[in-house]
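Peer 1: The listed protein sequences correspond, in order, to chains A and B. If you count the first sequence from 1, position 410 lands on 1144 in the numbering used here, and the numbers rise without skipping. If you count the second sequence from 1, position 310 lands on 824 in the numbering used here, and the numbers rise without skipping.
Keep in mind that the hints are not guaranteed to be accurate.
What the hints assert, rightly or not - One side only, chain B facing chain A, incomplete, derived with CB under 8 Å: (1) G629; (2) L799; (3) A837; (4) F839.
To be verified - So the derived list for chain B, only partly shown, Cβ under 8 Å to chain A, looks like this: (5) S625; (6) V656; (7) D697; (8) D727; (9) G782; (10) A784; (11) S789; (12) A794; (13) A835; (14) I836; (15) L902; (16) T903.
Worth flagging that the hints you see were computed from the coordinates, not collected in a lab. Note that the coordinates shown come from a computational prediction; the quantities given were computed from them, not determined experimentally. Glycine included, each C-beta is placed from N, C-alpha and C at the ideal position.
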Amino acid sequence: MSILANKDTKVVIQGGAAGLNAARRMAEFCYMIKRPLNVDAFVYPPDSGKTNEVPYGAGLVTVPVYKSVAEATAHHPQINTSLVYIGADRACAAGMEALNDPRIQMVSMITEGVPERDAKLLARHATKLGKIFNGPSSIGVISAGECRLGVIGGAFDNLVACKLYREGSFGVITKSGGLSNEIIWICSQFANGITTAIGIGGDAYPGTDYVSYLERFEQDPQTKAVVIVGEMGGDLEERAAEWYGAKARRIKLLAVVSGFCQESLPKGMKFGHAGAKEGLKGEGSARSKSDALKKAGALVPETFGALGPAIKSVYEELLKSGQVRPIPELSAADLPKLPKTVEEGMKTGEVMVAPLVRTTISDDRGDEPLYDGYPASELINKGYEIPHVIGLLWDKRLITKQEAEIIKRIMMLSADHGPCVSGALATILAACAGIGMSQAVAAGLIMIGPRFGGAVTDAGRYFKYAVEHKMTVDDFLAYMKKEVGPVPGIGHRIKSVRNPDKRVKELVSYVKGVGMPTPHLDFALAVEKVTSAKKDNLILNVDGTMAAVLVDLGFPVDSLNGFFILSRTIGLIGHWVDQRRQESRLIRLFDYLVNYAAPKRREVPPLK
Amino acid sequence: MAKVLEGPGMGLMKKWGIVVPNFVVVTSVEQLEQLAQANDWIQKGKLVVKAHEALGSRFKLGLVKVGLDRAGAKAAVAEMLGRQVGSITVSQVIVSEMVPHKDEYYVAVKSTREGAEVLVANCGGIEVESNWDRVKKLSVEVGDTPSSDALEALAKQAGFSGDLAKKVAEFAEKLFACFDKEDAQYLEVNPVVAREGGGELVALDAVTLLDADSRFRHPDWNFHFAAEFGRAYSKPELEVMAVDSKIKGSVKFIEIPGGDTAMLPAGGGASVYYSDAVVARGGKLANYAEYSGDPPDWAVEVLTDKVCSLPGIKNIIVGGAIANFTDVKKTFGGIIAGFRKAKSEGKLNGVKIWVRRGGPREKEGLDAMRALRDEGFDVHVYDRHTPLTDIVDMAIKGGK
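Bound conformation, chain A alone (with noise of 0.2 Å):
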């Protein structure tokens, strides 16, 4: 038995992201006593149509998401119960709405800073009604065995720990959220366990006080003590003692009331509750809560250390006079578990998984990302730059600071080519269309392949194939000629002999007076000697160069292209947001710059 809630609670959720949360504790719960969930629905509007996916055991049940609590009990006649976890500003609406629904007998609602107008609006209509509104700033309700609702109770482990999986003797009233469950543990540990255990929120006004739920316990047969948790401010201590004192009752009550150092603190500090505060000509005050309650009867131990023992000797004397039985425990290996999660299971050692995807260069696990293993602010305190974090994530390695320099110059040098060559004219067409920068940029750089920019890689892997096979120029050019065709990274559609490529021009010349050892760009530059004097054009374009250095650099030939795909996005970007910035209209091509070979305009013949 319990009061409140119980196996036939039925419940609506209003609210969102925290609503969802709730429901994955309630879930754990629900679990834990091998019953169904029993959050049936959710209210909340900007979601409504959709469903909410709660884990449950191992598997997933899906909740649907509703636009109003009637919509929700219509099509779930057997909710009886709402939590409303809804802002501030609407609570008062939300809390109305589920009062208002025939269906709903109780409604409790964790939202904190409800004006207190609301909170009595609430309190009166749910009085007038004949139903329960628990809250504002209610952690929840749980029963033993039966039913939680809300996050009351904590973790899974907690849940367990506390025995919460079937009932015990104790009532627990409190408005501490935080607690709650310290009490549920400590009548876990010094008694039985609990019936029920009700947060009623710390707020100055209450929707529902002690009185009420004493009651409620008072008529519960197997609820024999209840313990409340009190704290200075209002007078809901005071109406409970008032009641105990008036006559017998059948439960034991015991007490703590929160708030003696006060007496010592500057009057009219704020503590965390919003009704913990003592009135202004100090009503309300921890001492005068403590007397009210010994003096009506109920035990009131000196401090909240001494609950445990006082809890404990009220257990025992249940269990002398026979109102109580001992509940045999159950073993460890009979208590419920929560299947655990992968992550979980491996932490413990208990799974094995196999990994899908591998990774050698980076991890941003820890505080910072890791490069091959450096942290990337200490390259940066260090003084290394944008080539060497090139070299740690392309070729993992650190490269020195004269090979750093070259890179620098390649990016340099083939960062930009105007606004007519097809990269840029992808991106200039999109950007004028109106397109985003990621898909301008993305067009430009499909265009990047075996006829612009994109022969890097090739040049770099026929020079480093023929410099390993120790080939003559002849030799190669004859081997390409059978086997390849054109060579990669030779000849121009403008430049030639006459008329060189200055960047070319100066990044052999840089890169041969480094001292370094160059067999690839020495061969490419041989190379180019010959087929340069056959035809004028064929001299070693920018590919080439670049391709022929980079090898000798030691850079995988699989990466070449990438310093052009990730220097000409330097360009890319630019003229993206340089139409961007003109305000570029959408362009199309002059019908003169197009030759209309297609056929003249003609009859379409009857289908057949």
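Start from chain A and add chain B according to the hints.
Peer 2: Okay, now just chain B, sitting in the frame of chain A:
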């Protein structure tokens, strides 16, 4: 509860039709002079000058002066501005018209669990305190409005008669409207006076407490709430409040000068039990603090930083009940980061740290705290099996 100073409090009452004396709130003598040009009443009538700060016993402190002419008011303003009372500096002064009157009355509306209570007495000023039995009360359920007849009956019950009873009832009706519509928790006008001559009822002083949680539906509240207790907030307190206002969950911090036991507990409820335990064991609190509702770790770190910076502390109580959903590992991460920072700044020398906590990821969190021993922290860590406030007993016993 949020206290509102007299000026904005009077403003709210005026909005609901209550007659208040002419008044201005000034921050300099020059401002008063300027306002005098446009306000006839400052030039001609008798004036009252009061410090416009959240201070009790202003009369005793000489921060209320009555019956002044313009020159006298100017001198009083000059004298009051800049006066230091404890940690509060008088930066505003309210200058109001003195209303000639004979009798003083009392009208108030107070929040109750059921709704509100209208209080009326046919005496006012300090007389009310000593004649509380003369205050007559009318309960009003939330959502209801007291009828004119009921209020007139209340006035008559309080000893008013004839036309005056009607006027008092009307005054109470307006004060109730102000209470109801402005989400007030307490409104007190003491004294209410009948202006000599016309007999019009005027509110001479206003105590206004509003429900700060309802601020979202009062866009015209253009005033700040006054400090809750007789001093200004300190810089660390304001910094923690600023953090509190922008996070999920909460962090709270109030300094108590002269204490040696610093508090860093979790939970609005448990934190008060921890504070009680310190006082009960004869310890001296250096602060009140709490964090709750699964706040982000950086917010807890800010709070920790303020706690570690309290002067003269010997113990820090990192207490807490068994959390429902506050992640112990994460929030302890914030505390640990704060401790490390404090230590690197040379703080926490000789300070003992006492930890007790439970809740989601309690083992990981407590282990991380224990590991601080290796870094040279004097930290003592207990889990859920140690009763809530035992660490306070140990801390204070250890210090004696």
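Peer 1: Among all the numbered hints in the text so far, which are the ones the structure does not match?
Peer 2: none
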